[in-house]
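> Here is how the chains run, residue by residue.
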Amino acid sequence: MCRLETRNLHHRFPDGTEALRGVTIAFEPGSFTVLAGANGSGKTVFARHLNGLYRPTEGEVLLDGRSIFDDLSAARQAVGLVFQNAESQFVGQTVAQDTAFGPENLNLPAAEVARRVEESLRTVGLWERRDTPPHSLSGGQRRRAAIAGVLAMNPRVVLFDEPFSGLDYSGVRQVLEQLVRMRERGTTIIVISHQLDKLLAHADRLVLFHQGAVVADGSPQDVAPCLERHDVRNPLSGGLRLEQLSWLCCGEDSRHG
Amino acid sequence: MARTAAPALFHYLPNDSPVHAMDPRLKVGCLACLGVAAALASTWWQFALLLAATAGAFALASIPSGALLARSAPFAVLVAVVFATKLFVTPGTPLPVAGALGATVEGALDGGAFALRMLLVLALCTLMMATTTLLSLKQAIEWLLRSVPFVAEARVATAVELTFTMLPLLFDSYREIADAQAARCAQVRRNPLPRMLGLLRTLLETTLRRADDIVYAMESRCYSDVRTAPAFATAAFDKIAFLTAATLLAACCLS
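Line by line, the protein sequences are chains A and B.
Just so you know, we're using the working numbering here: the first sequence kicks off at 1 and counts up by one.
Just so you know, we're using the working numbering here: the second sequence kicks off at 1 and counts up by one.
Please keep in mind that the hints were generated in silico from the structure rather than gathered at the bench.
Wrong hints could be hidden among the right ones.
Unchecked claim - Listed next, the stretches of chain B that the computed footprint assigns to chain A, with coverage defined by at least 3 CB atoms under 8 Å from CB atoms of chain A:
1) 141–151
2) 165–174
3) 216–226
What the hints assert, rightly or not - Looking from chain B toward chain A, a few residues come up when the C-beta cut is under 10 Å (computed):
4) D16
5) F75
6) T158
7) L162
8) R210
9) D212
10) A229
11) P230
12) A231
Think of the CB as a built atom: it goes at the ideal place given N, C-alpha and C, for glycine as much as any other residue.
Start from the sequences, fold in the hints, and give me the full structure.
As structure tokens, this is what we get:
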């Protein structure tokens with residue numbers, strides 16, 4: 001069980017810009033939530049709050065009912081964050097060394113670090129590339145290496161900030177497969193994305209941000225009609241059904257077949 | 001057998017040699033001993049011993065020495081300039097050849113010794129970087145600094161590791177910005193100063209933003225100075241190599 005929630009979360013930058021205005025939201029264990037919104041609507045700032053990278057100007061972020069700042073290290077283990085730019089996340093010279101960065105920070109025994117590295121890299125299908133420098137991987141592989149770095153921390157919630165940006169069709173499918181597999185294993189998934197057509201078929205909740213506040217929250221079918229009012233393309237507007245949107249079902253992939 | 005087809009200078013070249021497998025602490029110790037020995041060497045036999053030891057280490061490491069030598073050409077120019085400067089500036093007995101131009105025997109000897117020292121240090125650094133992963137280097141630095149008071153060894157070691165990790169990315173950014181400027185005909189401007197300033201300003205902004213990103217990424221993965229301790233293994237070869245380097249240093253201290 002890992003219930004992540006925010007209560008009346010406000011964030012104001014030093015220049016006075018209000019990035020978040022009283023966001024109250026809870027993520028149930030094992031859920032798959034998509035956070036949508038136009039540029040500058042506060043999604044990334046919100047994600048960074050969930051990982052404890054920013055301190056709220058007002059309000060709080062709770063993990064299982066306790067403020068994440070009570071034990072920030074434990075909160076960051078529980079809530080992993082995969083950054084938008086995978087390259088900015090790499091600190092190791094090889095894929096394996098980068099994956100080991102998190103577990104080593106937790107001061108785990110070397111054998112446990114090695115076990116987690118192998119497990120995470122096998123999960124994302126990069127075990128064979130463990131000695132490769134992360135910067136020389138393809139776009140999809142880089143994103144998967146970044147996911148492995150987070151998985152090695154054994155998180156119960158994983159946040160993805162624009163996981164598909166800059167990826168080709170194959171890269172998108174690789175990352176999407178990881179998301180779906182993690183969700184099937186019970187990990188709570190929260191994804192920030194503009195590319196709703198790739199995600200909504202797999203999500204059970206869609207939250208719409210606008211100017212730092214949540215303006216719609218519900219099932220993808222319920223929230224989709226509100227999207228275009230807030231500068232987000234509605235992938236269901238062409239009369240498509242939600243299940244037709246999946247990029248993972250080859251037989252049903254009518255849009256890309 | 002080396003596996004990298006076109007090796008770059010100061011890049012790690014994976015291999016299964018005893019030099020690659022050396023305990024990084026002793027490898028750093030060897031580098032320090034040989035580096036100081038090169039600085040102190042002054043007689044021909046001292047240089048001969050050091051050159052032989054360095055060549056032997058390259059042979060044991062089985063890295064493509066010829067290709068690395070070719071990549072060192074820009075440094076060879078620097079060494080030649082230093083040699084020429086010493087040759088013509090040092091006062092002394094005129095050389096039978098080119099003596100009229102101001103070249104002296106003392107200048108040739110002094111310049112030759114200086115050039116040899118530079119070449120030895122360059123070769124040793126190349127060997128070190130080609131046979132040691134950044135992680136091993138970081139762990140060795142951290143271990144060696146542990147006994148130095150008032151030094152946050154974990155942070156210094158992380159800073160060194162990140163610097164080496166980020167350098168190639170910095171060069172990539174530089175090339176990308178320069179290409180983007182060239183694509184908008186920046187080379188047409190006759191005064192190169194605004195172009196250079198524009199390039200440097202953008203590069204600085206990119207670097208600072210990337211530094212911010214990496215700090216956030218490290219924080220989000222619980223960065224801590226108290227980390228899983230590395231397991232060092234010292235083989236007999238490592239001890240012999242270190243003793244050899246220490247002996248060479250002692251030999252160079254003698255004169």
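> Hint by hint, say whether it matches the structure.
Status of the hints after comparison with the structure:
no. : hint    : result
1   : 141–151 : violated (count 0)
2   : 165–174 : holds (count 3)
3   : 216–226 : holds (count 10)
4   : D16     : violated, 12 Å
5   : F75     : violated, 24 Å
6   : T158    : holds, 8 Å
7   : L162    : holds, 7 Å
8   : R210    : holds, 6 Å
9   : D212    : holds, 9 Å
10  : A229    : holds, 8 Å
11  : P230    : holds, 8 Å
12  : A231    : holds, 6 Å
In the structure shown, a violation is registered for the earlier hints numbered 1, 4 and 5, in ascending order.
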